[in-house]
Amino acid sequence: MKHIVPAETSDDEGEGLLVRRIKNGTVIDHIDGGEALNVVKILGIVGTTPEALSIATNVPSKNMGKKDIVKISNRELSKEEVDRIALISPKATINIIRNFKVCEKQGVEIPTLIVGSVRCPNPGCITRTNEPIKSRFEVLPEGKGLRCLYCDSVITKDLTSYII
Amino acid sequence: MSFESAMARLGGTSISVSSVEACSMAKGETLADTIRVVSGYADAIVIRHPKEGAARLASEFAKVPVINAGDGAGQHPSQTLLDLYTIRQSMKIDGIDVALVGDLRYGRTAHSLASALSLYGVRLHTISPPGLELPPSLASTLTEKGMEIVAHDSIEEVIKDVDVLYVTRIQRERFPDSTSYFNVASSYRITPELLAGAKKHLIVLHPLPRVDEIDPRLDVSPHARYFEQSKNGVPVRMAMLLDVMG
Numbered sequence: 464m465k466h467i468v469p470a471e472t473s474d475d476e477g478e479g480l481l482v483r484r485i486k487n488g489t490v491i492d493h494i495d496g497g498e499a500l501n502v503v504k505i506l507g508i509v510g511t512t513p514e515a516l517s518i519a520t521n522v523p524s525k526n527m528g529k530k531d532i533v534k535i536s537n538r539e540l541s542k543e544e545v546d547r548i549a550l551i552s553p554k555a556t557i558n559i560i561r562n563f564k565v566c567e568k569q570g571v572e573i574p575t576l577i578v579g580s581v582r583c584p585n586p587g588c589i590t591r592t593n594e595p596i597k598s599r600f601e602v603l604p605e606g607k608g609l610r611c612l613y614c615d616s617v618i619t620k621d622l623t624s625y626i627i
Numbered sequence: 073m074s075f076e077s078a079m080a081r082l083g084g085t086s087i088s089v090s091s092v093e094a095c096s097m098a099k100g101e102t103l104a105d106t107i108r109v110v111s112g113y114a115d116a117i118v119i120r121h122p123k124e125g126a127a128r129l130a131s132e133f134a135k136v137p138v139i140n141a142g143d144g145a146g147q148h149p150s151q152t153l154l155d156l157y158t159i160r161q162s163m164k165i166d167g168i169d170v171a172l173v174g175d176l177r178y179g180r181t182a183h184s185l186a187s188a189l190s191l192y193g194v195r196l197h198t199i200s201p202p203g204l205e206l207p208p209s210l211a212s213t214l215t216e217k218g219m220e221i222v223a224h225d226s227i228e229e230v231i232k233d234v235d236v237l238y239v240t241r242i243q244r245e246r247f248p249d250s251t252s253y254f255n256v257a258s259s260y261r262i263t264p265e266l267l268a269g270a271k272k273h274l275i276v277l278h279p280l281p282r283v284d285e286i287d288p289r290l291d292v293s294p295h296a297r298y299f300e301q302s303k304n305g306v307p308v309r310m311a312m313l314l315d316v317m318g
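Residue numbers (my numbering), protein chains in the order written: chain A, 464 to 627; chain B, 73 to 318.
To be clear, the hints were calculated from the coordinates, so they are not data collected in a lab. All of these numbers come straight from a predicted model, not from anything done at the bench. Hints may contain errors.
Under the rule of at most 30 Å between Cα atoms (straight-line distance), these lysine-lysine pairs were calculated in the DSS-like manner [said to hold, decoys possible]:
id	chain 1	residue 1	chain 2	residue 2
1	B	K217	A	K620
2	A	K607	B	K135
3	A	K597	B	K99
4	B	K271	A	K597
5	A	K529	A	K620
Per the computed footprint, the stretches of chain A lying under chain B, defined by three or more beta-carbons under 8 Å from a beta-carbon of chain B, are [to be verified]:
id	segment
6	583–590
7	593–599
8	610–619
For each residue, glycine too, the CB sits at the ideal point set by N, CA and C.
With the hints as constraints, model all of the structure from the sequences given.
Following this line, the structure appears as structure tokens:
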């Protein structure tokens with residue numbers, strides 16, 4: 464018999480569910496506490512949206528203390544979106560839901576190279592012009608930030624504000 | 073000018089585009105397109121551009137070798153090669169003490185030289201006005217490579233200890249008014265009196281052009297090597313051109 468995992472269930476949600484299950488879409492779990500709105504921003508949802516969207520912030524978590532959860536219906540994330548989420552919440556897990564079942568579950572992985580997702584903080588950088596290029600950042604080891612491969616500027620804090 | 077001179081001495085010719093107005097960029101053409109076009113006209117491209125990373129972009133679109141001759145406040149690697157050559161004419165580079173003076177935040181020659189010196193076990197001394205210190209990201213990278221960097225408040229503090237005094241121009245536009253500029257600039261001026269207690273073999277370098285940073289009385293001093301340094305730009309750039317096109 465196939466075991467069906469309810470979309471909203473996780474080991475950290477012992478006290479019950481805050482929002483309804485979704486039929487199709489993505490559940491992003493184990494987001495660092497307080498980062499859910501930034502994840503939503505990464506998904507490009509900044510104004511009117513046709514999708515059903517649920518956001519839970521600072522939910523008690525056994526493993527993380529506090530965590531956030533974002534559920535978005537009728538949408539599966541692209542690799543670029545997952546990469547960007549990894550930058551601000553490296554412990555996040557992505558659950559793809561189809562017909563109320565978790566069909567895929569994966570952790571995010573911080574990439575070594577970020578292309579086109581982050582704006583260089585240096586106003587004098589060539590990537591801040593109308594040239595036909597995408598920004599490119601090397602992810603520095605040990606969480607030391609991102610380095611622009613064009614101008615060598617390093618982003619060490621407030622990364623979210625630079626995510627495109 | 074030194075790249076043009078180098079090319080001429082190698083027996084080649086050069087096409088110079090010295091301003092945006094002189095090319096299609098004035099009509100709104102991107103640098104990427106300009107580079108694609110110029111790639112068809114020349115065997116190598118030497119680019120100096122006000123934006124950081126412009127040379128890297130050019131290298132991505134060019135079909136011919138690209139040499140970075142300065143990108144905004146970023147890097148100036150060809151200057152660094154001639155700086156190293158000039159130092160090497162006087163002393164071994166390994167393990168010496170080098171002081172960088174002036175605008176170290178926006179001074180691309182200082183950035184490139186500091187990076188190169190980190191390969192030689194050099195101890196770096198920095199003297200710069202507040203707000204014009206070495207960019208923290210660069211300082212951090214150099215420190216991680218094992219370079220010792222010591223910041224000083226004045227040149228007097230360190231003049232007796234250094235083997236090379238590398239002076240860069242402090243640009244007037246970095247200051248809110250002329251008075252602030254002159255106050256700061258005068259405290260970073262190199263004079264013969266300042267060098268009185270320096271090591272005998274100390275050399276003073278400057279990427280030129282200078283404005284008020286070096287007293288002209290110093291020009292005849294055996295410490296002064298900046299004009300020789302400038303002259304070295306030609307053979308060093310000849311070598312670079314030969315290397316990429318030979």
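Going through the hints against the structure:
1. B/K217 / A/K620: holds (22 Å)
2. A/K607 / B/K135: violated (35 Å)
3. A/K597 / B/K99: Distance ~23 Å between A/K597 and B/K99 Cα, so the pair holds.
4. B/K271 / A/K597: violated (50 Å)
5. A/K529 / A/K620: It holds: about 21 Å lies between the C-alpha atoms, which stays within 30 Å.
6. 583–590: As far as the segment 583–590 of chain A goes, the hint holds, because 5 residues have Cβ atoms under 8 Å from chain B.
7. 593–599: Three-residue rule met by the segment 593–599 of chain A, so holds; n is 4.
8. 610–619: holds (count 9)
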